[in-house]
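All chains should be built: construct the whole structure from the sequences, respecting the hints.
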Amino acid sequence: MSIEDDEILQGFIEESLEHLADIENDLLAIEEGGADIDVDLVNKVFRAAHSIKGGAGFMGLTVIQNLAHAAENVLGLIRSEKLVPDPDIVNVLLLASDELQQLIEDVENSNDVDITEHVEALNTIYEGGNAPQKPSDQQEEKKEAPAEPEPPAMEAESTPIAEEQEPPKAVAEPAAESTPEPVVEQTPEPTPEPAPTTTAAPAAVSSPDVKPAAKKPAKKAKSSTHKTDTSIRVTVSLLDQLMNLAGELVLSRNQLLQTITSGDVRNAEAVGQRIDLVTSELQEAIMLTRMQPIGNVFNKFPRVVRDLSKKLSKQMDLTIVGKDVELDKTIIESINDPLTHLVRNSVDHGVESPDERARKGKNPKGLIVLKAYHAAGQVVIEISDDGKGLDGNILAETAINKGLITPEQAKAMSDKERINLILLPGFSTAKKVTDVSGRGVGMDVVKTNLDQLGGSIEIESEIGKGSTISIKLPLTLAIIPCQIVMTGGERYAIPQVNLEELLRIPAAKVKERVERVGNAEVVRLRGNLLPLIRLSDVLDIPRTYYDPTSDEVNPDRRRVVADRRSKSSPLSAGQAPEERSKEQAETPTCKREDKDRRQSPASALNIVVVSTGSMKYGLIVDRLQDSEEIVIKPLGRHLQQCKGYAGATIMGDGRIALILDVSNLSRMAGLTSLDGTERANELAEAAKDAIIKAKDKQALLTFSSSPNEQFAVPLNQVERVEKIKHSDIEEVGGRRVMQYRGGSLPLLAIDEVAMVQPLADQDDLLVIVFNLAGKDIGLLAIGPIDAIEIAADIDDVTLKQTGIMGSAIINGHTTMLVDIFEIVQTINPEWFADHAISETVAEEGEAPTILIVEDSNFFRNQVRGYMEEAGFNVLEGEDGVEALQVLEDHLDEITMVVTDIEMPNMNGFEMTEKIRRDSRFAHLPVIALTTLAGDEDVAKGKAVGIDEYHIKLDKERLMECVHRYVKEAETV
Numbered sequence: 001m002s003i004e005d006d007e008i009l010q011g012f013i014e015e016s017l018e019h020l021a022d023i024e025n026d027l028l029a030i031e032e033g034g035a036d037i038d039v040d041l042v043n044k045v046f047r048a049a050h051s052i053k054g055g056a057g058f059m060g061l062t063v064i065q066n067l068a069h070a071a072e073n074v075l076g077l078i079r080s081e082k083l084v085p086d087p088d089i090v091n092v093l094l095l096a097s098d099e100l101q102q103l104i105e106d107v108e109n110s111n112d113v114d115i116t117e118h119v120e121a122l123n124t125i126y127e128g129g130n131a132p133q134k135p136s137d138q139q140e141e142k143k144e145a146p147a148e149p150e151p152p153a154m155e156a157e158s159t160p161i162a163e164e165q166e167p168p169k170a171v172a173e174p175a176a177e178s179t180p181e182p183v184v185e186q187t188p189e190p191t192p193e194p195a196p197t198t199t200a201a202p203a204a205v206s207s208p209d210v211k212p213a214a215k216k217p218a219k220k221a222k223s224s225t226h227k228t229d230t231s232i233r234v235t236v237s238l239l240d241q242l243m244n245l246a247g248e249l250v251l252s253r254n255q256l257l258q259t260i261t262s263g264d265v266r267n268a269e270a271v272g273q274r275i276d277l278v279t280s281e282l283q284e285a286i287m288l289t290r291m292q293p294i295g296n297v298f299n300k301f302p303r304v305v306r307d308l309s310k311k312l313s314k315q316m317d318l319t320i321v322g323k324d325v326e327l328d329k330t331i332i333e334s335i336n337d338p339l340t341h342l343v344r345n346s347v348d349h350g351v352e353s354p355d356e357r358a359r360k361g362k363n364p365k366g367l368i369v370l371k372a373y374h375a376a377g378q379v380v381i382e383i384s385d386d387g388k389g390l391d392g393n394i395l396a397e398t399a400i401n402k403g404l405i406t407p408e409q410a411k412a413m414s415d416k417e418r419i420n421l422i423l424l425p426g427f428s429t430a431k432k433v434t435d436v437s438g439r440g441v442g443m444d445v446v447k448t449n450l451d452q453l454g455g456s457i458e459i460e461s462e463i464g465k466g467s468t469i470s471i472k473l474p475l476t477l478a479i480i481p482c483q484i485v486m487t488g489g490e491r492y493a494i495p496q497v498n499l500e501e502l503l504r505i506p507a508a509k510v511k512e513r514v515e516r517v518g519n520a521e522v523v524r525l526r527g528n529l530l531p532l533i534r535l536s537d538v539l540d541i542p543r544t545y546y547d548p549t550s551d552e553v554n555p556d557r558r559r560v561v562a563d564r565r566s567k568s569s570p571l572s573a574g575q576a577p578e579e580r581s582k583e584q585a586e587t588p589t590c591k592r593e594d595k596d597r598r599q600s601p602a603s604a605l606n607i608v609v610v611s612t613g614s615m616k617y618g619l620i621v622d623r624l625q626d627s628e629e630i631v632i633k634p635l636g637r638h639l640q641q642c643k644g645y646a647g648a649t650i651m652g653d654g655r656i657a658l659i660l661d662v663s664n665l666s667r668m669a670g671l672t673s674l675d676g677t678e679r680a681n682e683l684a685e686a687a688k689d690a691i692i693k694a695k696d697k698q699a700l701l702t703f704s705s706s707p708n709e710q711f712a713v714p715l716n717q718v719e720r721v722e723k724i725k726h727s728d729i730e731e732v733g734g735r736r737v738m739q740y741r742g743g744s745l746p747l748l749a750i751d752e753v754a755m756v757q758p759l760a761d762q763d764d765l766l767v768i769v770f771n772l773a774g775k776d777i778g779l780l781a782i783g784p785i786d787a788i789e790i791a792a793d794i795d796d797v798t799l800k801q802t803g804i805m806g807s808a809i810i811n812g813h814t815t816m817l818v819d820i821f822e823i824v825q826t827i828n829p830e831w832f833a834d835h836a837i838s839e840t841v842a843e844e845g846e847a848p849t850i851l852i853v854e855d856s857n858f859f860r861n862q863v864r865g866y867m868e869e870a871g872f873n874v875l876e877g878e879d880g881v882e883a884l885q886v887l888e889d890h891l892d893e894i895t896m897v898v899t900d901i902e903m904p905n906m907n908g909f910e911m912t913e914k915i916r917r918d919s920r921f922a923h924l925p926v927i928a929l930t931t932l933a934g935d936e937d938v939a940k941g942k943a944v945g946i947d948e949y950h951i952k953l954d955k956e957r958l959m960e961c962v963h964r965y966v967k968e969a970e971t972v
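Sequence positions in the sequence shown follow the numbering used here and run 1 to 972.
Possibly wrong hints are sitting among the right ones.
Said to hold, decoys possible - Taking lysine-lysine and the DSSO-like style, the derived pairs with C-alpha atoms no more than 27 Å apart in a straight line are:
#1 Lys725 - Lys775
#2 Lys416 - Lys371
#3 Lys314 - Lys465
#4 Lys509 - Lys633
#5 Lys472 - Lys633
#6 Lys472 - Lys371
#7 Lys940 - Lys362
#8 Lys329 - Lys633
#9 Lys323 - Lys800
#10 Lys362 - Lys472
#11 Lys44 - Lys82
#12 Lys942 - Lys416
#13 Lys465 - Lys942
As the list claims (entries may be wrong) - Here are the computed distance ranges between Cβ atoms for each label pair:
#14 Arg623 - Thr319: 46 to 56 Å
#15 Arg964 - Asn393: 45 to 55 Å
#16 Asp728 - His813: 50 to 60 Å
#17 Lys465 - His813: 22 to 32 Å
#18 Asp40 - Asn254: 46 to 56 Å
#19 Lys360 - His813: 56 to 66 Å
Honestly, the hints are just simulated from the structure, not real lab data.
Bear in mind that the values here come from a model prediction, so they are computed numbers and not experimental data.
We put the beta carbon where it would ideally sit given N, CA and C, even for glycine.
What follows is the structure in structure tokens.
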């Protein structure tokens, strides 16, 4: 039959690829079951082969039909339990399914391919029940070997994987099948063709009599790309949603046209908001059509691990978690090769041989875990193994021998930096090159490919226990949120996935905050040194500055960011005269008056703190603008060699803005993860106090109640912030309230309790909404309002009073810290009459004793006050060492431990581990208090035995938890 109907052919291809998408994992499951045959699973694979055979016969694709029929015969024997599927038999079936996939992907040339070897192997099994060993082994070696004789860019599987593997469609059960018969090979001998440019690398077991398949690689690649891009599966419910949103958009358009025609300006704003809402929902729905489960990529790895472990004589288990996590189609297609390389490396280099593992006391069977999950708006993929791990010293020695780093650099590196050396180009520790890995290429290419996707890679390893490689990827590459900045009069976009924080240093503070170390410039940020890069320098844009006296923009002749009269850093101050740079030597020692342009507000330093992988630096720009969602457009050929750009976008005003590639910008500026280590080591001692302070940083919401006083409240206590007019406030029953979400929201002001200035009498007000004792309440305030993270010394004496727990210096202003719980309890004590806080701690006998472990005086005093107010007895320790001694001295008295995490001498994790290992203390509940608890910290705490995490200063939830555990202890 001639192939003329492209639409029918395309349908056959799509349906066949859907059948093959799961057949590999199904065959592996059949192999694992062995003699315990899962008839339903075998039936599923049998029907897939039968459907492919029938469709191919209808289309006149005789080669595909014959191969599918031969596989169907063997599966029929397994289904009828006349044949036990041992590994050799399953191996032949796997190789046949691989060949079927290649034939279907290049269907136009499929009838020219020689499949004699596969058909004979299947027929041999069908007739004799045994798999031919030699041909199967040859084909497996052929599959495992990379396609090119030259080192490939990625050590990936040579077997093509369909770009879109989707869940199989329901297939009608075929009519009664005839009794299977051995396939009579009908394929003519292929005509001789020039040797393909893609040939198998030398295999460990080879045979000169194996004929290469007569395929046409160039046509195949072209055909495959065309076919897999023509369709994508979308649920009907999503299509219905798109139709509804399109209808809403049409209605909004009609309203806008009518508004424009009538000139109703007041209604235009409402219509604009409606269009904005519908457009956002439509955008989100359209993006969902591109999302595909990462299982489409993960499903190939059981086969990869099986084949490689068999080839390397290793025993391996693969655990896959998170198959349903979805990513953009483009990213799914792009991560196949990097993940394949990493999994192969784990099998080849990571997991030891069974004998070596047995000598180390490990399970002879190694374990590889492939996991995907969502975190902070990104998708994280982890590849971990329980192998031998990476030795940083060996990696550093190899890098020195290859000339990649100097011995001085290696000496100054941390363990993590030594491990990251494996990401450098040309790095390899393999003793020999094999067709599995060890070519000195790969990991650097993995990193480059992930950088192009806007992702990052991090490596954690422990010698003798294994390694974990974490990959972070954006959800989509089509539309991404970005921070817009300006430099040299042009706008640029920085992807928010790379954005850590925005930093603005007032002009008067530049001399204090920015330091020069040799010729490098750094800024102190919460006790750490952050290297600085000026965007205009990297992009070769002339520097300018605004002169407030002349109101002009003039060229900036300063060669460095830091003011030349800035204080010297501890390292620069210790330099010998001959070690100072020429520029430093020429710096005048006299100082001019401070009243110059360096003090002008226009000379403030705007820094965008960005990160890429383990690298973090500050990018200096002229101005910071809004955050926007942008549509990524690829760069044209004339700009593709500009490494500092990841793409371009069209802004709302029609002008073009380039998207910055923060990873390449650091390379262009000569900044690598190896830079600054020695400098940081020398300055670490000087920054020690600041680092200790930084661990108690607080997330605060700052606001005002009057023009001259600033307040702050812990951000985790805030439910939301509402803007209101003064006229929205009602006086009912002697109390202020406002209408809120269908009810009345009680309102209060700080000056009702504390001795502070009264609430400003102005029309525009803010309401900060809290939820206490199960009820919402609003705190009246005025702007400016800001959410910050700060590690300030808290004074709990000077300004402490009812409703005010203390004060701190924040951004140069004395700021009072509001105790919202105490304010509400003072004004509305009846709210807490039946609450856990007001319950009698001990109805009879002595009150329970709580051990508080906290090195900060302020927080320790606060928590002690909570406990004593509730009637508990309190014992204290400033770190884990003191706490363990207190436990020894008061073993029979202590009911519970409330601890900080970051403490000197012994932290909360280590202390909890020791408590859980001691049978005398193991029963004690341990509650951790922290300022900002990340998911990793919480998971680590749970692992060592911490019962619950709570945010510091969240009195209500902490005391509820304490009362609950005390009651449980009394019951026991």
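A quick look at each hint next to the structure:
no., hint, verdict
1, Lys725 - Lys775, "holds, 23 Å"
2, Lys416 - Lys371, "holds, 22 Å"
3, Lys314 - Lys465, "holds, 17 Å"
4, Lys509 - Lys633, "violated, 39 Å"
5, Lys472 - Lys633, "holds, 22 Å"
6, Lys472 - Lys371, "holds, 12 Å"
7, Lys940 - Lys362, "holds, 23 Å"
8, Lys329 - Lys633, "holds, 17 Å"
9, Lys323 - Lys800, "violated, 53 Å"
10, Lys362 - Lys472, "violated, 30 Å"
11, Lys44 - Lys82, "holds, 18 Å"
12, Lys942 - Lys416, "holds, 25 Å"
13, Lys465 - Lys942, "holds, 21 Å"
14, Arg623 - Thr319: 46 to 56 Å, "holds, 49 Å"
15, Arg964 - Asn393: 45 to 55 Å, "holds, 49 Å"
16, Asp728 - His813: 50 to 60 Å, "violated, 29 Å"
17, Lys465 - His813: 22 to 32 Å, "violated, 49 Å"
18, Asp40 - Asn254: 46 to 56 Å, "holds, 55 Å"
19, Lys360 - His813: 56 to 66 Å, "holds, 59 Å"
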